[in-house]
Amino acid sequence: MIEIHNIHKSFNGKTVLDGISGVFQTGKTNLLLGASGTGKSVLLKCIVGLIKPDIGSVTFDGTYFTNNKLDIRQEIRRKIGMLFQSSALFDSMTVEENVEFPLKMLTDMPKEERIDRVNFCLQRVGLEGTNKKMPAELSGGMKKRVGIARAIAPNCTYLFCDEPNSGLDPLTALKIDKLIKEITEEYNITTIVVTHDMNSVIEIGDNIMFLYEGKKLWEGTSDNILDSDVPELNEFIFANRLMRDAKKVEEDEEKQHFK
Amino acid sequence: MLQNFGKYLLFMKSLVFRGESFKILFKRTIDEAILIGINSIFIVALVSTFIGAVSTVQVSYNMVNALIPRSTIGFIVREMVILELAPTITSIVLAGKVGSSIAGGLGTMQITEQVDALEVMGINSTSYLVLPKIIAALFVFPMLVIIAMFLGLLGGYLAGTVTGQLTAQEYISGIRIDFIPYNVVFALIKSFIFAFLISSISSFRGYFTSGGALEVGAASTSAVTHSVIAVLIADFISAQLLL
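As they're listed, the protein sequences go chains D and Y. With my numbering, letter number 142 in the first sequence gets 142, and the count goes up by one each step, no holes. Adding 1000 to a residue's 1-based position in the second sequence gives its number in my numbering.
Just chain D, same shape as in the assembly (with noise of 0.2 Å):
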């Protein structure tokens, strides 16, 4: 479980994160959702330590992380798994030395088990015998599994997805989610997935933080949030909805086009 309680962060004198507090629980598919620079990615950032809020504090599983002594905050860090937005696989390596790295550098196991694991990881996220490929040859879903493989390798009891289905067509991005939803559930870990597309929301969404304005707006679960009285977010969700029929008649036209 991890516990966040009122967060705030600027950049610049400019308000990014306002007094965001919450729980994300173990086992669930927790998202952060709202709109391109409502603080989602910031917020996330906060949470693993890689942006340090300027008031605010971030415990995990009991465990006060933010200010810590960096050997606990090291102790905490190597528990997680990370999913970046540009999948962030190191280019010089291949799939398999990329799967395998955290293991490497966290871990003494021993080099045959370390592919074991590394084989047994790429096989679970659908990508086996793709371990001599570089990251440049593969697709932008694969990358994302491949990203899911690292993050899954050591362990981690706690996995963090930066908008893993951005950039991807509709059936790759639900392919993603339900991934991340079925890792969550098996290995029962805390998840955080920020998004803005309601599929996830719909698909993945345990326990759901609306985010407007650096600020928490709602929070709930994917069966009541169409029955929220947020107008934020009712904009929100119905934007998305407009967003997607116009994408499906512009696919309809297009098939219509070929035809």
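Source of the hints: derived by calculation from the structure; they are not laboratory data. None of these values were measured; they are calculated from a predicted model. The beta carbon of each residue, even a glycine, is placed where N, CA and C say it ideally should be. Mixed in with the good hints there might be a few duds.
[Stated by the list, open to error] Here are the computed distance ranges between Cβ atoms for each label pair:
(1) Phe-90/D with Ile-1041/Y: 21 to 31 Å
(2) Glu-250/D with Lys-1013/Y: 48 to 58 Å
(3) Phe-120/D with Phe-1022/Y: 24 to 34 Å
(4) Gly-126/D with Lys-1023/Y: 31 to 41 Å
(5) Gly-1019/Y with Glu-182/D: 35 to 45 Å
(6) Glu-97/D with Arg-1176/Y: 49 to 59 Å
(7) Ile-1177/Y with Phe-90/D: 47 to 57 Å
[Unchecked claim] Chain D is faced by these chain Y residues, among others (derived, beta-carbon under 8 Å):
(8) Thr-1112
(9) Glu-1113
(10) Ala-1117
(11) Met-1121
(12) Ile-1123
Given the coordinates of chain D, work out where chain Y should sit on it, guided by the hints.
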């Protein structure tokens, strides 16, 4: 500027603080040494051979007094190559080649979140990425400078004898006149200093890149500019202090 210098010092401090294991550091340093060394040999060889050759031709052109023996040309070329041209020009060439590559590589890693990925795993990204580059440069630069010295003198020999400016015997006796071994030591000390400046400044510029591809390009350019300025200033100070 003062703020940047402070940031640079803190960056240097972070290299040794919370470092990786010796095994990992050693392996990464060897990898970087191969990248810096092997990839730079050709350009260093080309530049130093031609510099030696051009120096011989130009010194010979200015040496018109019949009272000065032709072997003096060899002597002057040796002093120029060992004291200044091999360490400084090689370092300036390497600032362009290695410096831009270091800054571009780190800048790209920064904007594609690869540096963040390391940090999230609990790995000190500066000690993992930057320290091996600096150590490798400290080992490789002096070796490249020794190669540059040898090829510079060889270039001078070839240019002098092929164009008939002086005989092989005159050149060889010239480069042996009043040889001071300390000059070679001085050149190696300079190359050591330049290696540190180029690798650390380029790493600093690359590591703190933010934005996109345009900023990576700007970081590479500024890495080369700042490294060259630092090399020239250090060249003057070291000549003043060590000679």
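Hints, one by one, checked against the model:
no.	hint	verdict
1	Phe-90/D with Ile-1041/Y: 21 to 31 Å	holds (27 Å)
2	Glu-250/D with Lys-1013/Y: 48 to 58 Å	holds (54 Å)
3	Phe-120/D with Phe-1022/Y: 24 to 34 Å	holds (30 Å)
4	Gly-126/D with Lys-1023/Y: 31 to 41 Å	holds (34 Å)
5	Gly-1019/Y with Glu-182/D: 35 to 45 Å	holds (38 Å)
6	Glu-97/D with Arg-1176/Y: 49 to 59 Å	holds (52 Å)
7	Ile-1177/Y with Phe-90/D: 47 to 57 Å	holds (54 Å)
8	Thr-1112	holds (5 Å)
9	Glu-1113	holds (4 Å)
10	Ala-1117	holds (4 Å)
11	Met-1121	holds (5 Å)
12	Ile-1123	holds (6 Å)
Figure legend: structure checked against the earlier numbered hints; every hint is met.
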